[in-house]
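A.B. asks: Below, each chain spelled out in residue letters.
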Amino acid sequence: MENLIGLLVAVPLFGAALLLCGGRRLDGKGPYIGTVLAAASFGIGAVLFADMLGRGEHDRALHSTVFSWIPVGGFRADVAFQLDQLSMTFVLLITGVGTLIHIYSIGYMAHDERRRRFFGYLNLFLAAMLLLVLADNYLLLYVGWEGVGLASYLLIGFWQHKPSAATAAKKAFIVNRVGDVGLSIAIMLMFTTFGSFAFAPVLAEADRAGEGKLTAIGLMLLLAACGKSAQVPLQSWLGDAMEGPTPVSALIHAATMVTAGVYLITRSGAIFNAAPDAQTAVVTVGAVTLLFGAIVGCAKDDIKKALAGSTMSQIGYMILAAGLGPIGYVFAIMHLVTHGFFKAGLFLGAGSVMHSMNDEVDMRKYGGLRRYMPITFVTFGLGYLAIIGFPGLSGFWSKDKIIEAAFAKGGTEGWILGGAALLGAAITAYYMTRVMLLTFFGEKRWVPDENGNEPHPHESPGSMTFPMIVLAFGSVLAGGLFSLNDAFVKWLEPVTGHSHGHSPLSAAAVTGGTVVVLVIGVALAWAQYGRQPVPRTAPRGSLLTRAARRDLLQDDFNHVVLVQPGQYLTRGLVYVDHKLVDGVVNGTAASVGGLSGRLRKLQNGYARTYAVSMFGGTAVLIAATLLMRAV
Amino acid sequence: MSFPLLTVTAAVPALGAVATAAVPAAKRAAAKWVALAFSLATLVLAALVLVRFDPGGSRFQLTESHAWIKDFGVRYELGVDGIAVALIALTAVLIPFIILAGWHDADPLEEQRPNRRWRPTQGFFALILMVEAMVVISFEATDVFLFYIFFEAMLIPMYFLIGGFGDRAGERSEEETATQRSYAAVKFLLYNLAGGLIMLAAVVGLYAVTADDLGTGTFSLQEIVQSRAAGDLSFATSTERLLFLGFFFAFAVKAPLWPLHTWLPNAMGESTAPVAVLITAVVDKVGTFAMLRFCLQLFPEASKWATPVILVLALVSIIYGALLAVGQRDIKRLIAYASISHFGFIILGIFAMTTQGQSGATLYMVNHGISTAALMLVAGFLITRRGSRLIADYGGVQKVAPILAGTFLIGGLATLSLPGLAPFISEFLVLVGTFSRYPALGVIATVGIVLAALYVLVLYQRTMTGPVKAEVRSMPDLKARELIVVAPLIALLLFLGVYPKPLADIVNPAVDHTLSVVDEKDPKPDHPVDAGWFSYSPMHDGASGGAK
Numbered sequence: 001m002e003n004l005i006g007l008l009v010a011v012p013l014f015g016a017a018l019l020l021c022g023g024r025r026l027d028g029k030g031p032y033i034g035t036v037l038a039a040a041s042f043g044i045g046a047v048l049f050a051d052m053l054g055r056g057e058h059d060r061a062l063h064s065t066v067f068s069w070i071p072v073g074g075f076r077a078d079v080a081f082q083l084d085q086l087s088m089t090f091v092l093l094i095t096g097v098g099t100l101i102h103i104y105s106i107g108y109m110a111h112d113e114r115r116r117r118f119f120g121y122l123n124l125f126l127a128a129m130l131l132l133v134l135a136d137n138y139l140l141l142y143v144g145w146e147g148v149g150l151a152s153y154l155l156i157g158f159w160q161h162k163p164s165a166a167t168a169a170k171k172a173f174i175v176n177r178v179g180d181v182g183l184s185i186a187i188m189l190m191f192t193t194f195g196s197f198a199f200a201p202v203l204a205e206a207d208r209a210g211e212g213k214l215t216a217i218g219l220m221l222l223l224a225a226c227g228k229s230a231q232v233p234l235q236s237w238l239g240d241a242m243e244g245p246t247p248v249s250a251l252i253h254a255a256t257m258v259t260a261g262v263y264l265i266t267r268s269g270a271i272f273n274a275a276p277d278a279q280t281a282v283v284t285v286g287a288v289t290l291l292f293g294a295i296v297g298c299a300k301d302d303i304k305k306a307l308a309g310s311t312m313s314q315i316g317y318m319i320l321a322a323g324l325g326p327i328g329y330v331f332a333i334m335h336l337v338t339h340g341f342f343k344a345g346l347f348l349g350a351g352s353v354m355h356s357m358n359d360e361v362d363m364r365k366y367g368g369l370r371r372y373m374p375i376t377f378v379t380f381g382l383g384y385l386a387i388i389g390f391p392g393l394s395g396f397w398s399k400d401k402i403i404e405a406a407f408a409k410g411g412t413e414g415w416i417l418g419g420a421a422l423l424g425a426a427i428t429a430y431y432m433t434r435v436m437l438l439t440f441f442g443e444k445r446w447v448p449d450e451n452g453n454e455p456h457p458h459e460s461p462g463s464m465t466f467p468m469i470v471l472a473f474g475s476v477l478a479g480g481l482f483s484l485n486d487a488f489v490k491w492l493e494p495v496t497g498h499s500h501g502h503s504p505l506s507a508a509a510v511t512g513g514t515v516v517v518l519v520i521g522v523a524l525a526w527a528q529y530g531r532q533p534v535p536r537t538a539p540r541g542s543l544l545t546r547a548a549r550r551d552l553l554q555d556d557f558n559h560v561v562l563v564q565p566g567q568y569l570t571r572g573l574v575y576v577d578h579k580l581v582d583g584v585v586n587g588t589a590a591s592v593g594g595l596s597g598r599l600r601k602l603q604n605g606y607a608r609t610y611a612v613s614m615f616g617g618t619a620v621l622i623a624a625t626l627l628m629r630a631v
Numbered sequence: 001m002s003f004p005l006l007t008v009t010a011a012v013p014a015l016g017a018v019a020t021a022a023v024p025a026a027k028r029a030a031a032k033w034v035a036l037a038f039s040l041a042t043l044v045l046a047a048l049v050l051v052r053f054d055p056g057g058s059r060f061q062l063t064e065s066h067a068w069i070k071d072f073g074v075r076y077e078l079g080v081d082g083i084a085v086a087l088i089a090l091t092a093v094l095i096p097f098i099i100l101a102g103w104h105d106a107d108p109l110e111e112q113r114p115n116r117r118w119r120p121t122q123g124f125f126a127l128i129l130m131v132e133a134m135v136v137i138s139f140e141a142t143d144v145f146l147f148y149i150f151f152e153a154m155l156i157p158m159y160f161l162i163g164g165f166g167d168r169a170g171e172r173s174e175e176e177t178a179t180q181r182s183y184a185a186v187k188f189l190l191y192n193l194a195g196g197l198i199m200l201a202a203v204v205g206l207y208a209v210t211a212d213d214l215g216t217g218t219f220s221l222q223e224i225v226q227s228r229a230a231g232d233l234s235f236a237t238s239t240e241r242l243l244f245l246g247f248f249f250a251f252a253v254k255a256p257l258w259p260l261h262t263w264l265p266n267a268m269g270e271s272t273a274p275v276a277v278l279i280t281a282v283v284d285k286v287g288t289f290a291m292l293r294f295c296l297q298l299f300p301e302a303s304k305w306a307t308p309v310i311l312v313l314a315l316v317s318i319i320y321g322a323l324l325a326v327g328q329r330d331i332k333r334l335i336a337y338a339s340i341s342h343f344g345f346i347i348l349g350i351f352a353m354t355t356q357g358q359s360g361a362t363l364y365m366v367n368h369g370i371s372t373a374a375l376m377l378v379a380g381f382l383i384t385r386r387g388s389r390l391i392a393d394y395g396g397v398q399k400v401a402p403i404l405a406g407t408f409l410i411g412g413l414a415t416l417s418l419p420g421l422a423p424f425i426s427e428f429l430v431l432v433g434t435f436s437r438y439p440a441l442g443v444i445a446t447v448g449i450v451l452a453a454l455y456v457l458v459l460y461q462r463t464m465t466g467p468v469k470a471e472v473r474s475m476p477d478l479k480a481r482e483l484i485v486v487a488p489l490i491a492l493l494l495f496l497g498v499y500p501k502p503l504a505d506i507v508n509p510a511v512d513h514t515l516s517v518v519d520e521k522d523p524k525p526d527h528p529v530d531a532g533w534f535s536y537s538p539m540h541d542g543a544s545g546g547a548k
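Protein sequences appear in the order of chains L and Z.
For the first sequence, the numbering used here begins at 1 and goes up steadily by one.
For the second sequence, the numbering used here begins at 1 and goes up steadily by one.
Hints in this document: simulated from the structure, not taken from any laboratory.
It is possible that some hints are incorrect.
Said to hold, decoys possible - Straight-line Cα separation of at most 27 Å, BS3-like style, residue types lysine-lysine; simulated pairs:
hint	chain 1	residue 1	chain 2	residue 2
1	Z	501	Z	479
2	Z	501	Z	524
3	Z	469	Z	479
4	Z	27	Z	479
5	Z	469	L	162
6	L	162	L	365
7	Z	469	L	29
8	L	162	Z	399
9	L	365	L	444
Bound-form chain L, shown alone (with noise of 0.2 Å):
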């Protein structure tokens, strides 16, 4: 059993080679294959799951070392893997979801000439993904975390030759290079601590080292948790990145790779149970990530980036989740679950849309979809109601878990977390009614273009359709069958642990609350989009309306504080570069060899003066040497 482990990684990896290095022979079968590599490692996490669930909850990590990666002095990494129970969510959820997504794409793409290398991209990132929770040690779970940073840079920027899209591409690398060094550090805190950085070592004897060390730690992970996971201060990319093709969003910026800073978080558990001041800012980063996603996503006519808004908003429950320990991991991960399916629905009904739309991505230009695309319609639905906890289905169950755990965190704390969760309820509830009205209820507000060409919105073709699909029963039932005997709970319970809080509100309390403010929140929506006509144009808005427009505020922040700074100081240094330290240094060499003065010769070839005259310095150098040792 412990050898699939790597063939789990291999077969994707191997389709990412084929497709991109096959040549123009596979363009027509690659998209095929690419779904089929990713349906066969489907298959052999099942395979593993099968195997998993035979054995004992106490005995269901499997091990495999394949080999010695590193090895310098008491460095030492290895291409190890470690299968347990979170790790073989995570294989299920991203071999699941990214075989669905492959089949969709084959719909989507059908008329792109690169398509066989989107599929190659797409291989490439289940293997990178794959790896990433795989790993049993923070080195090679870095190689998985930088190389799912390398897959979205390549899908984010797939369309190239748009401007927008590269530069995107480019932004998201380099942002989530500053969350990288957070990792780095914090791999090189452990060694210089520990001696080691392998998952089972470093956290079965965290405790030993002190608080401190330990913070510092947790901090770093949680810078580079903020970076993928796209939360504030680093998550200015995410919008952006929507420029990618819309089943990379709906794969890599919403139900797997963003993903990944939960799992981080959640596997080093045991680092942050020990460090509170690093789990107050994990909650603290969680609470602010929640509101701000949410904010933005009510003021986006764009449906990709409402969504994107609403990505974030959500990771930002399970950052808030994980940060509260034992009380909120299990929570943690299976909103994580919950979200991969109704938020991958969600882009891939938007997707959908946009391919009926000749790719208009505005909702005010839309407007009554519901009519010409029934099964859109009613996959979409229901993952809007999964999302915004309508009880009963995904969302609800695992939201709610979390606005419970906040409160039971206890303290002023507990109540402005809990209440920052419920708030973030009902704004979320609002801004996904009103993605809801503005595409599929009302009147059609599309116009033909300049060209005189008329959307003729149509369903989509099967095989974008039967993922939908299935993502839609996910969306209404996992959250159900999860809670069922508290299964999830138990199933994670052994490797995150998991403790009950003392909540000062009991959890029909919670329960009942959560209700209401969706109801305000739905309320809210129909007022403003449902029960008057919406206008084409966006009107002006509210000082916070064109705020968060602008993502509040986030790129123009970054602009100020270090891009523009950063333009002035490299510019400074070309300059000084070629002025000063050139000169300094030319000017230096040529007064000590008694040539100043001819200097503008240099520049005319007189090589032979120089070299003769740099050889009598020399001498006298080297008599002067001598006569020291000689004194």
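Given the structure of chain L, go ahead and fit chain Z onto it with the hints provided.
C.D. replies: Positioned in the frame of chain L, the structure of chain Z alone reads:
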């Protein structure tokens, strides 16, 4: 006497240079093949060195030792340790690719063809082989004077390669190009000559010291190290420091270390891409190699004395080089500044005085050689097609030449040390090796990681993506010869990224030995985990928990 493998490995390219130069003017095409054949023969010999070298064996292997200039104690003494073996292998691997990449760089122009005495092609390839021979013997020499001779002699063929051959004028006038080129060549020569001459003074000083203490002067590295260990030889503190500075200055110019770096962008910018690779990937490595071999082992106390200043200069190099790379408008100068940043990492690793730092630095030398070769040679192919080095003259290349763009991206990703490719491993080892002794320096150095992403991806974005520029529209994709150059380099980057162990195993013992001469030990972890974990079996109970 056993077969003098090391001498032969250095002599074959030297013979090749003579043979190449001797090819008649009319048959200049044949000169290329002669040069390629000799470079491949050298590669075979280097492979033999690699195979015959026993990582677990004695300090220097395959040694040769003959008296040379008796009166001055100069010996013809060769020997390799793991570090030297790795760098000889790097050199031998890169030269055939450099020759292949520069296949047409020295073709005479139409109007020069009738001139039967005009033999630039022969000269170009002969000079490359000459450099190879001198670099190889520099890596082999264990006699300081022998090393010094070739360290200096290398400048002559390099001077002619930089000054005599360059890219076509492009946007500048023919005359201006020639002026810029000769300026770059002279600057290269003078900087390195100055370094070398100061070193010469120190070399003579070293002789004087050994002559005083041992009765007969010697330049033998091993003899000096052993005599010091035995207490027969001792340096006065100030003497050792002065001698150290003399050596270090020369190596810091060659490496190059800030603020002695300004010759490199000129030299790399004005020479053809293969020569630029020769400079930064091969010749400059002699500088960092010599820091490890000579500075640290001849003058361990002075090395430790100078460490703080050198570490700071290395750190400045890392960040300064990267920032300047971000600000460049010329593709080749950008890569040159990136190299300055990378040399900063190498020197940081060497002087962090930890096994991770120095093994990382040695692997860095190898990996940087391969990655820069990949990036620079593809950049050269690009520049040859368009006739311009300016980034702004390109755009949308990936649309018309996807393979060229793809290989350029991989070279770039290697330059920014993407995990999975070889440079990541060396960069991380350098960082962790530095961090374990100097946490603050290790953290500051990570700024270089972010800046590398910036200059590489901005370069890629501006040249390769976006709308296709009119001048780029008819650009052909990589030809077979060019693909033969790039594909193996990329394969090597992947292989050494996934499985660096064979190389690390060769380098580690040499590094351990160097550190034992310097008398430095790795810092111990604060709370070492139980050694049992390193051979642990699958954990069943809460392997990653602790949350209960």
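A.B. asks: Is residue 162 of chain L within 27 Å of residue 399 of chain Z, Cα to Cα?
C.D. replies: The hint holds at about 11 Å.
A.B. asks: Holds or violated: are the alpha carbons of residue 27 of chain Z and residue 479 of chain Z at most 27 Å from each other?
C.D. replies: holds, 24 Å
A.B. asks: For a C-alpha distance cap of 27 Å, please report whether residue 501 of chain Z and residue 479 of chain Z respect it.
C.D. replies: Violated, at roughly 34 Å.
A.B. asks: Has the given pair, residue 469 of chain Z with residue 479 of chain Z, been kept, meaning a C-alpha gap of at most 27 Å?
C.D. replies: Between residue 469 of chain Z and residue 479 of chain Z the Cα gap is close to 21 Å, so the pair holds against 27 Å.
A.B. asks: Mind checking the alpha carbons of residue 162 of chain L and residue 365 of chain L for me, to see if they're no more than 27 Å apart?
C.D. replies: holds, 23 Å
A.B. asks: Take the C-alpha atoms of residue 365 of chain L and residue 444 of chain L, compute the straight-line distance between them, and say whether it is at most 27 Å.
C.D. replies: Answer holds: residue 365 of chain L to residue 444 of chain L is near 8 Å, not above 27 Å.
A.B. asks: Taking 27 Å as the top limit, are the C-alpha atoms of residue 469 of chain Z and residue 162 of chain L close enough?
C.D. replies: holds, 13 Å
A.B. asks: Does residue 29 of chain L sit within 27 Å of residue 469 of chain Z, going by the straight-line distance between their CA atoms?
C.D. replies: violated, 32 Å
A.B. asks: Taking only the CA atoms, is the gap from residue 501 of chain Z to residue 524 of chain Z under or equal to 27 Å?
C.D. replies: Since the Cα atoms of residue 501 of chain Z and residue 524 of chain Z sit roughly 23 Å apart, the hinted pair holds (cutoff 27 Å).
Comparing the model with each earlier hint shows violations of hints 1 and 7; every other hint is respected.
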